[in-house]
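Peer 1: Sequence:
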Amino acid sequence: MDWTLPMSVLDGPWTHKFMVSNGVKLHYVTQGEGRLILFLHGFPEFWYSWRHQIPEFAKDHKVVALDLRGYNQSDKLPDPASYSLDELILDIEGVIQGLGYDRCYLVGHDWGGLVAWAMADAHPEMIAKLAILNCPHPAKFREGLFSPVQLLRSWYILGFQLPWLPEALLEWNDYGAIAQLFREGAVNQGAFTAADLDAYQNAAASRGALHAMVNYYRNLFQTLLVRDWPLLKVPTLMLWSEQDKTLGKELTYGTEDYVQDINIHYIPHCGHYIQQEQPHLVNQYLREFL
1206 MDWTLPMSVL DGPWTHKFMV SNGVKLHYVT QGEGRLILFL HGFPEFWYSW RHQIPEFAKD
1266 HKVVALDLRG YNQSDKLPDP ASYSLDELIL DIEGVIQGLG YDRCYLVGHD WGGLVAWAMA
1326 DAHPEMIAKL AILNCPHPAK FREGLFSPVQ LLRSWYILGF QLPWLPEALL EWNDYGAIAQ
1386 LFREGAVNQG AFTAADLDAY QNAAASRGAL HAMVNYYRNL FQTLLVRDWP LLKVPTLMLW
1446 SEQDKTLGKE LTYGTEDYVQ DINIHYIPHC GHYIQQEQPH LVNQYLREFL
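Numbering (the numbering used here), first residue to last: 1206 to 1495.
To be clear, the hints were calculated from the coordinates, so they are not data collected in a lab.
If you're wondering where the values come from, they're calculated on a predicted model, not measured in any experiment.
Calculated pairs, DSSO-like style, for lysine-lysine (alpha carbon to alpha carbon, straight line, at most 30 Å):
| id | residue 1 | residue 2 |
| --- | --- | --- |
| 1 | K1345 | K1450 |
| 2 | K1454 | K1334 |
| 3 | K1438 | K1454 |
| 4 | K1281 | K1450 |
| 5 | K1334 | K1267 |
| 6 | K1267 | K1222 |
| 7 | K1345 | K1334 |
Between beta-carbon pairs, the in silico distance windows are:
| id | residue 1 | residue 2 | range |
| --- | --- | --- | --- |
| 8 | D1433 | K1454 | 19 to 27 Å |
| 9 | E1461 | L1486 | 17 to 25 Å |
| 10 | N1488 | W1369 | 33 to 41 Å |
| 11 | W1377 | G1305 | 38 to 46 Å |
| 12 | Q1302 | E1376 | 33 to 41 Å |
| 13 | R1240 | N1407 | 29 to 37 Å |
Yeah, the Cβ is synthetic: ideal placement off N, Cα and C, and Gly gets one too.
Let's have the full structure, built from the sequences with the hints guiding it.
Peer 2: Given below as structure tokens:
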């Protein structure tokens, strides 16, 4: 079952819809027909992160850009355990099947990249090809947490383990910290207009969204420290911006030990929000890969 949303300032050539997957109502936008490409966003974003990719790949594919559970207009569950990686995998499995497909091209950035890694590991038969943007393989990230340099870069992950305080800081000054994350994380400051930042702040202001977004991190150590990551055989593209302040380029080194078929492109003069800062180059690499 799905529901169509009323018109909003975020409307474009795409269509807004909802569907239920794994017992959770998820919002997504879709455009085009053909083979399925599913886009998964990161923190503190929502489907809008893929606004430069949706029309491009809708020319010859069915594009779906999802709001992950807890974000924007998708359901927000109060229990931190609701954001475990196992639940997120079930969400994506249900979305693919609910759209009438048994396989897709899966593209993920940041937290969406981690979910994409996990989905490809759990259900490689459902992923025709995998594209990861600025998210290390989980085994490499686990190794990185024992590096003083990367641990310093990832200080915020430790801070997000605290109760209530992270949410309060993100909400302070009319969610000004959300806009600041984009300003500080981007090299290409022109990639984000005032309207873009306002959209991200409004999404974070949805009731329960901040708690949900931080709860992803409160499950992270269980994901990284407990889970086994066998060799992945799904053809994989990794795109990495060289000026990412939170995730060092060295986290990509040795990924071939965990991924049998891996192709990595490094993009200079670009910060963490790679598909928004360098959309034309990202689209070029994605199209060549797909």
